[in-house]
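Trainee: Listed here are the chains, written in short residue letters.
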Amino acid sequence: MPNAIPADSVGLVVPQTLRFSEPLALDCGRTLAEYELVYETYGALNAARSNAILVCHALSGDHHAAGYHAPEDKKPGWWDSCIGPGKPFDTRRFFVVSLNNLGGCKGSTGPVSVNPATGKPYGPDFPIITVRDWVKSQARLGAALGITQWAAVIGGSLGGMQALQWAIDFPDGLRHAIAIAAAPKLSAQNIAFNEVARQAIMSDPDFHAGHYYEHNVVPRRGLMLARMLGHITYLSDDAMRAKFGRELREGKLSFGFDVEFQVESYLRYQGQSFVERFDANTYLLMTKVLDYFDPAADFNHDLSAALKAATARFFVIAFTSDWRFSPARSREIVRALLDNDHEVSYAEITSSEGHDAFLMPNAHYQTLLHTYLERVAREVGV
Amino acid sequence: MALRPDFEIISEWIAPGSRVLDLGCGDGALLAYLNATRGVSSYGLEIDGSNIIKCIEAGVNVIQTDLDAGLSDFDADSFDYVILSQTLQAVYYPDRLLDEMLRVGREGIVTFPNFGHWQNRVQIALGGHMPVSRNLPNEWYNTPNIHLCTLRDFEQLCAKNGISVLQRTVVDHAHRGGWGMRLFPNLLGEIALYRFQRRSDV
Numbered sequence: 001m002p003n004a005i006p007a008d009s010v011g012l013v014v015p016q017t018l019r020f021s022e023p024l025a026l027d028c029g030r031t032l033a034e035y036e037l038v039y040e041t042y043g044a045l046n047a048a049r050s051n052a053i054l055v056c057h058a059l060s061g062d063h064h065a066a067g068y069h070a071p072e073d074k075k076p077g078w079w080d081s082c083i084g085p086g087k088p089f090d091t092r093r094f095f096v097v098s099l100n101n102l103g104g105c106k107g108s109t110g111p112v113s114v115n116p117a118t119g120k121p122y123g124p125d126f127p128i129i130t131v132r133d134w135v136k137s138q139a140r141l142g143a144a145l146g147i148t149q150w151a152a153v154i155g156g157s158l159g160g161m162q163a164l165q166w167a168i169d170f171p172d173g174l175r176h177a178i179a180i181a182a183a184p185k186l187s188a189q190n191i192a193f194n195e196v197a198r199q200a201i202m203s204d205p206d207f208h209a210g211h212y213y214e215h216n217v218v219p220r221r222g223l224m225l226a227r228m229l230g231h232i233t234y235l236s237d238d239a240m241r242a243k244f245g246r247e248l249r250e251g252k253l254s255f256g257f258d259v260e261f262q263v264e265s266y267l268r269y270q271g272q273s274f275v276e277r278f279d280a281n282t283y284l285l286m287t288k289v290l291d292y293f294d295p296a297a298d299f300n301h302d303l304s305a306a307l308k309a310a311t312a313r314f315f316v317i318a319f320t321s322d323w324r325f326s327p328a329r330s331r332e333i334v335r336a337l338l339d340n341d342h343e344v345s346y347a348e349i350t351s352s353e354g355h356d357a358f359l360m361p362n363a364h365y366q367t368l369l370h371t372y373l374e375r376v377a378r379e380v381g382v
Numbered sequence: 001m002a003l004r005p006d007f008e009i010i011s012e013w014i015a016p017g018s019r020v021l022d023l024g025c026g027d028g029a030l031l032a033y034l035n036a037t038r039g040v041s042s043y044g045l046e047i048d049g050s051n052i053i054k055c056i057e058a059g060v061n062v063i064q065t066d067l068d069a070g071l072s073d074f075d076a077d078s079f080d081y082v083i084l085s086q087t088l089q090a091v092y093y094p095d096r097l098l099d100e101m102l103r104v105g106r107e108g109i110v111t112f113p114n115f116g117h118w119q120n121r122v123q124i125a126l127g128g129h130m131p132v133s134r135n136l137p138n139e140w141y142n143t144p145n146i147h148l149c150t151l152r153d154f155e156q157l158c159a160k161n162g163i164s165v166l167q168r169t170v171v172d173h174a175h176r177g178g179w180g181m182r183l184f185p186n187l188l189g190e191i192a193l194y195r196f197q198r199r200s201d202v
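These protein sequence lines are chains L and B, in that order. The first sequence begins at 1 in this note's numbering and counts up one residue at a time. The second sequence begins at 1 in this note's numbering and counts up one residue at a time.
None of these hints come from the bench; they were simulated from the model. Remember, it's a predicted structure, so these values are computed and weren't measured experimentally. Among the clues, some could well be false.
Claimed, not checked - If you want a taste of the chain L side facing chain B, the calculated C-beta under 7 angstroms gives, among others:
1. Phe257
2. Asp258
3. Val259
4. Lys308
5. Glu343
6. Ser345
7. Met360
8. His364
9. Thr367
10. Thr371
11. Tyr372
12. Arg375
13. Ala377
To be verified - Footprint (simulated), chain B over chain L, 3 or more residues, beta carbon under 8 angstroms:
14. 261-267
15. 348-356
To be verified - A few chain L positions that, by computed beta-carbon distances, are all more than 12 angstroms from chain B:
16. Ile5
17. Glu22
18. Ala33
19. Glu72
20. Asp73
21. Lys74
22. Ala117
23. Ala143
24. Asn216
25. Asp238
26. Glu247
27. Gln272
28. Val316
29. Trp323
30. His342
31. Glu379
Yeah, the Cβ is synthetic: ideal placement off N, Cα and C, and Gly gets one too.
Working from the sequences, and respecting the hints, build out all of it.
Mentor: Below you can see the structure in the form of structure tokens.
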């Protein structure tokens, strides 16, 4: 943490855990008899319980979206730029809830958790989860916190997909859905990248078919490769050129295969540090959640039909240099909403940061979110 | 917020409770006005990021888009009115955009600065330079207005493209009418407002 907690930070936060003993029937046909969800909250729920915002995380995110866990933390939560007093999700007005999704590796029930049936970690036997399953579990978390309707459900990338699914599955469960840098489903290219990531992990000799916990090893190389590949798709060509160019670490070519270019060093660092904080089985699972997301599939592949029953107001945001989920993908969502005469606004933000832009501080982006959330605040009377 | 006087004229042309699309909606003031006075359901299209923020602040639905890329996100006949206010002269393909307006909407409404106004004619004829005026404040090299036209030009295009004019109002810069403008609209009118639809025989 910086020397002093910034005035616009939510400060020190403590994650909480809720245990759910009502079985959760999953899309895959299996049932989780019981499970735990880890979450954090920022701000206070008002008496009318109308000011709650649900923040949904993306592929490698977790419940720690804002503030610090300990004074010595070097970095705040992953969306600290947007959550806090005076920030777009203003914690003086809103009660912000952020959870670690099922299948995660940061405390909510997932592959690293002990399977009560065997007494051993689930590992690869953890059921494949879907966005719909997540939304169901999030609704139960909301109910446990006394929230029957979210003022807004917000997320970027895979998080934006959850916001969409919310609007489809629980039309009355939210007033606003804010989907940032998202897509209505993955393209073949998106799935292809995920498959290479999975192959990297599964072909690591330390993977042991997912049972690596029992061997006291981690498929480090595979997970690192998966993350390196993912990271390339999060950045734009321009951002990489601006950040690294062809700069050499030692200033000259060494005619070998060691790290020479700065971009190599950066990717390796990203990959290595990811291995320290993320579980390979969870990574596999998260890529599957992405691949399977396709709310239109249940409606004869008609996205407009899928969104027909939605009553939320939508705010869709895309970034110009995002080629993983490009603006054209967001416009598919907008179009389906327009088909239904739903209330929707769409902003296309000029950014060179690629898909990662949704997490980066950007004055225009933050003003947009802030302005929209002000409107939500007025609506719910805070 | 000061209301632009042409808003009132447009508003009178709009049936209450109808569906409206505003092309180049700027800060959303017209739509906010129509939402409030006519109870319409509406969307605005706008390209400028700072205007998008203003629209969101005004509580209107806005889609950030480039009008020159067309209206392909909208189905045919999805609106009662498609409005193009002070923007026709700034797009690359005004003729195609008019067609698009009447594809997605039942009726179109446009407003534009009349290039045939006598002051413009004088500046070209006697001054020998491109007109600069209250309604056309830019120099030729930095103007967004790349397709200026006169009332006659516009009506000729309508006739050629099977568009019938339902209503025309010509006003001065303060959006006042007058007998002179009714007699010599193309000479004395500064701003033209048209409501039109697809000719039924087309």
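Trainee: Quick check: do three or more residues in the stretch 348-356 of chain L have a beta carbon closer than 8 angstroms to a beta carbon of chain B?
Mentor: It holds: at least three residues are needed, and the stretch 348-356 of chain L offers 3 whose Cβ sits within less than 8 angstroms of chain B.
Trainee: Should the interface hint for Thr371/L be scored as holding, given a Cβ-Cβ cut-off of 7 angstroms against chain B?
Mentor: 5 angstroms, holds
Trainee: Identify whether the interface hint at Glu343/L stands, where standing means a beta carbon of chain B within less than 7 angstroms of its own.
Mentor: 6 angstroms, holds
Trainee: Measuring from the C-beta of Asp258/L to each C-beta in chain B, is the shortest one below 7 angstroms?
Mentor: 44 angstroms, violated
Trainee: Is the Cβ of Asp238/L more than 12 angstroms away from each Cβ in chain B?
Mentor: 19 angstroms, holds
Trainee: Taking the closest pair, is the beta carbon of Ala117/L still more than 12 angstroms from chain B?
Mentor: 50 angstroms, holds
Trainee: Let me know if the C-beta of Thr367/L comes in closer than 7 angstroms to any C-beta of chain B, holds or violated.
Mentor: 6 angstroms, holds
Trainee: May I ask you to check that His342/L keeps its beta-carbon over 12 angstroms from the closest beta-carbon of chain B?
Mentor: Nearest chain B Cβ is 9 angstroms from His342/L, so the label is violated.
Trainee: Mind verifying the non-interface call on Ala33/L? Its CB should be farther than 12 angstroms from each CB in chain B.
Mentor: 44 angstroms, holds
Trainee: Could you check that no beta carbon of chain B comes within 12 angstroms of the beta carbon of Ile5/L?
Mentor: Answer for Ile5/L: holds, closest chain B Cβ roughly 30 angstroms.
Trainee: Can we trust that Glu247/L is non-interface, i.e. its beta-carbon lies farther than 12 angstroms from all of chain B?
Mentor: 32 angstroms, holds
Trainee: Has the stretch 261-267 of chain L got at least three residues whose CB is nearer than 8 angstroms to a CB belonging to chain B?
Mentor: Three-residue rule not met by the stretch 261-267 of chain L, so violated; n is 0.
Violated hints, listed in ascending order, are 1, 2, 3, 4, 7, 13, 14, 28, 30, 31; each of the other numbered hints is respected by the structure.
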